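*Asks:* Got chain A; can you put chain B on it based on the hints?
These are the residues of each chain, in order.
There are 2 protein chains.
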Amino acid sequence: MSLTGNFSFHKTKQSWFTRMEKFVGKISTFFASIWKSWYQVGREDPRRAVHAVKVGVALTLVSFLYIFDPLFHRFGNNAMWAVMTVVVVLEFTAGATLCKGLNRGLGTLCAGSLAFLIEIVAETSGKTFRAIFVGSSVFIIGFFATYLRFFPKIKRNFDYGVVVFLLTFNLISVSSFREDDVVPLASERLFTIGIGCGICLCMTLIFPKWSGEDLHDYTVRKLEGLAKSIEACVSLYFHDQEKDGTTVDMESTKEMISEGYQLILDSKSIDETLALFASWEPRHLRHCYRYPWQQYVKLGTTLRHFGYSAVSLYGCLESEIQTPPSLRRLFRDPCTRVANEVSKILLDLSSCIRAHRRCSHDVFSDQLHHALHDLNSAISSLPCPFLNSKNVQSTAKHATNSNSMVTLPSAKSDVDALVEKKNNKNDSRVRDQPVLRPTLSKIDMLSLEFSEALPFAAFAALLVELTARLELVIEEVEELGRKFGFKEFDENLVSIEVRQNETKENVKITDLHSHGVLPSAE
Amino acid sequence: MSLTGNFSFHKTKQSWFTRMEKFVGKISTFFASIWKSWYQVGREDPRRAVHAVKVGVALTLVSFLYIFDPLFHRFGNNAMWAVMTVVVVLEFTAGATLCKGLNRGLGTLCAGSLAFLIEIVAETSGKTFRAIFVGSSVFIIGFFATYLRFFPKIKRNFDYGVVVFLLTFNLISVSSFREDDVVPLASERLFTIGIGCGICLCMTLIFPKWSGEDLHDYTVRKLEGLAKSIEACVSLYFHDQEKDGTTVDMESTKEMISEGYQLILDSKSIDETLALFASWEPRHLRHCYRYPWQQYVKLGTTLRHFGYSAVSLYGCLESEIQTPPSLRRLFRDPCTRVANEVSKILLDLSSCIRAHRRCSHDVFSDQLHHALHDLNSAISSLPCPFLNSKNVQSTAKHATNSNSMVTLPSAKSDVDALVEKKNNKNDSRVRDQPVLRPTLSKIDMLSLEFSEALPFAAFAALLVELTARLELVIEEVEELGRKFGFKEFDENLVSIEVRQNETKENVKITDLHSHGVLPSAE
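Order-wise, the sequence lines are chains A and B.
Following UniProt numbering, the numbering of the first sequence begins with 1 at its first residue and continues without gaps.
Following UniProt numbering, the numbering of the second sequence begins with 1 at its first residue and continues without gaps.
Next comes chain A alone, as it looks inside the complex (with noise of 0.2 Å):
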């Protein structure tokens, strides 16, 4: 029995102990992802630490208001709304803690003044007279307040000012009910509020995150993006297992192609975001009175404008039609060097602005247009690819030498010999020249004649096409530059910024994805 017991006891001891064991390790790994994430959170953007301690010391020092007694003395509960304050008020970047700052100081103060006066009306009448008179009051304030946040113009700029005008208005109003003398009581709230508005602005002015410069370094990230993009898709919208002897991991190079083009497509809401915050920093007005950073959302909406012919480019390599790479081969070089040299025209505009420089007059370069010639040139040497599929392999081989239409046998669908057998009474025509066919009930359009060839002249006139829209962006960033006063060009500085841009090339085009600078981007 003994034996049996201590047995019992031995086994119960190690079970306990490999459970134990179990839970230290459970424990230990839960721990071990949840620092992962805190980790990465910091590393996608160590601005974020930063902004986490600066928010951590503002509330201290306001704390202090409490924990020392002079102060304390001096403000009692009024205290509060500086904490409030602080928490509300203090954001990611400059911009968004003046903005919300000065909404914030403006909706107190026109409040103040407004309960102010309806007291005076108040405080000569009776009680019963008094409590219709703040209730309905409130009421209306409450409705016009809050329809008028309905306003674009007020939303975009002025929102939280209301919410802040409305919660200060009815607080004061209402105590002044239940208080005899309600001056002291708004001006002590509002000194307070500045209080707090001042810590807020002291921190965010240390080692401060402006959002002009996040805007700037955001449009240089989505043109670089978009330039690395188009490379991409063209090069492997013309890979050639066979012939370049390399493979590519596909997945993996789509995945870098969407994320380029998602950085334009997304970029809305952030460009519209950045560019509210930049115009209330005032570091510029060196300059003039307010930057115009609409024209950088001018800039990013003509971008989207591109971005959408290049994701349609590169709907051509996820179409669900392919043309034959045997066809794609004869267009090979003068497409890829047409698509490098838009890319290169991106990045050269894209580090014009990094450099807050104006971009050369021929940034549009004779070696496009040679490169746009040679295209033409290659889609003129064929005799008529776009028109009958079957011709291409006869072409690719004849190459240019070809004088008349080839039509090889090559593997038919049912759909095909159907309308064969139909049209069999006139065979010779439809050798010499395709007629208009019966039509098919119902049938695969994967299974269409045209669908094949189709998409590369698609492919070709989108390459085309991006480059005229290239312009267009191009006029944009000399507004730009012409807006900002970028410095003028000079050939000696851009040998020295190519050395410096290629040092920040390990920035992540992602990063601003994941920011968190913003509420409403986010």
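No lab work stands behind these hints, which were simulated from the structure alone.
Bear in mind that the values here come from a model prediction, so they are computed numbers and not experimental data.
Even glycine gets a Cβ: it sits at the ideal position worked out from N, Cα and C.
Keep in mind that the hints are not guaranteed to be accurate.
Stated by the list, open to error - Below, a list of computed lysine-lysine pairs in the PhoX-like style, where the Cα atoms sit at most 20 Å apart:
(1) B/Lys228 <-> B/Lys153
(2) A/Lys268 <-> A/Lys298
(3) B/Lys36 <-> A/Lys155
(4) B/Lys153 <-> A/Lys153
(5) B/Lys36 <-> B/Lys26
(6) A/Lys268 <-> A/Lys153
(7) B/Lys153 <-> B/Lys26
(8) B/Lys268 <-> B/Lys155
(9) B/Lys155 <-> A/Lys36
(10) B/Lys153 <-> A/Lys36
(11) A/Lys298 <-> A/Lys153
(12) A/Lys254 <-> A/Lys228
(13) A/Lys268 <-> B/Lys268
(14) A/Lys483 <-> A/Lys298
(15) B/Lys254 <-> B/Lys228
To be verified - Calculated Cβ distances over 10 Å to all of chain A for the following chain B residues:
(16) Phe30
(17) Ile120
(18) Ser309
*Replies:* Chain B only, in chain A's frame:
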């Protein structure tokens, strides 16, 4: 003297009247313009006025906590937390209000509990230690809470909750430094916040506005807008003033097309915000735990990708390089038919979603296949339109009867002349089959030969691509019907719906743009 004095007096009086009149006129114009803009905001969405009234009523109700003696004696100055809650929590849609209300409640509860724990540790110690302890805990909690806000998941769902947590924690822990017993303070605060949340909940459930319904309507409108835009776009592309004998207001049609596309392209943030709020709405709990609102977001993404191709189609209208009308005319009927079929299918899908009904299995209609076939045939019937744009005019004249490539003399640009001059040596070869041309330096892209005919190829290919992508849209719509348990397809129901939908046609597509629902969407 007196006469002059009298005269000048009259003159002064008259000018005073004139000025007064002008002033009154200005004032009345000013108020008229204000009234107009107020009316406009309400007319766009009458629910805005309803919401403003609801806020006014909620604020009046909450001010009773101050105004009625028994209530004030019960809650005292803690009533301000109820006022604050109403101002901040009551939002335009039920989902947003619930999201904010629950966040506020949760944040306050967590903060209260944590502050209580810290209070237990701090209360046994001396004043200096307590000051240091409170100060450092404020810093640490401030740091971690702010850092937590950068996590994408927290940011999306609980951002407001974390802010409220930080606010409440700071207020309670610093006031605990001055108050002996912090528990009643915290519980009173929680209670008044509960009252505020309760009032918000009641108000939001009177004439409620569900984000889920908005998302649903928005998706329907997007599909309708897309359908109209595609149809209008293609008919504008083939519009021929001579042949039709009608003039089309190009600008207004283009504006209509752009509006339809813009609704799709800018839909990301609106979709996501509405789906987020909809996921907080409990009204559909009888069906399942949570409606899979994300399916609407997925459908939105597919529609956006469909939209990129559609925008490229529109780009063909705006393109710098245009296919001559003579060539376009040949493809007018088949292209218009394809576009009309695509548009019809999109409208079918939208009416299915509107009626919460599954689609018919043959939504991808026979007619579309017929139209595609006709387009195919039309393209095949031309000898070589995409290569040599000069053929086109003759081809158009000869219709489908010409058997060989005919090169007619046409207006030649300087560049063409230059090229021909250079190629004079092998002139015979040029006529039979185009050869690779010598590269010319820096010429205008418009003068490239392929430019004229290629855009139509792109147009046709994009149209075919659209039909291919349409299948993806149909799949997502079917998935939506399956996930939400839409009722099965019933032919008898459809005819009733068609009549109902016709009465709803007067709903403006642009309405949702200016809703003012979404802080992040506007």
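*Asks:* Of the numbered hints stated earlier in the document, which are not met by this structure?
*Replies:* Hint check: 1, 4, 7 and 18 fail, others pass.
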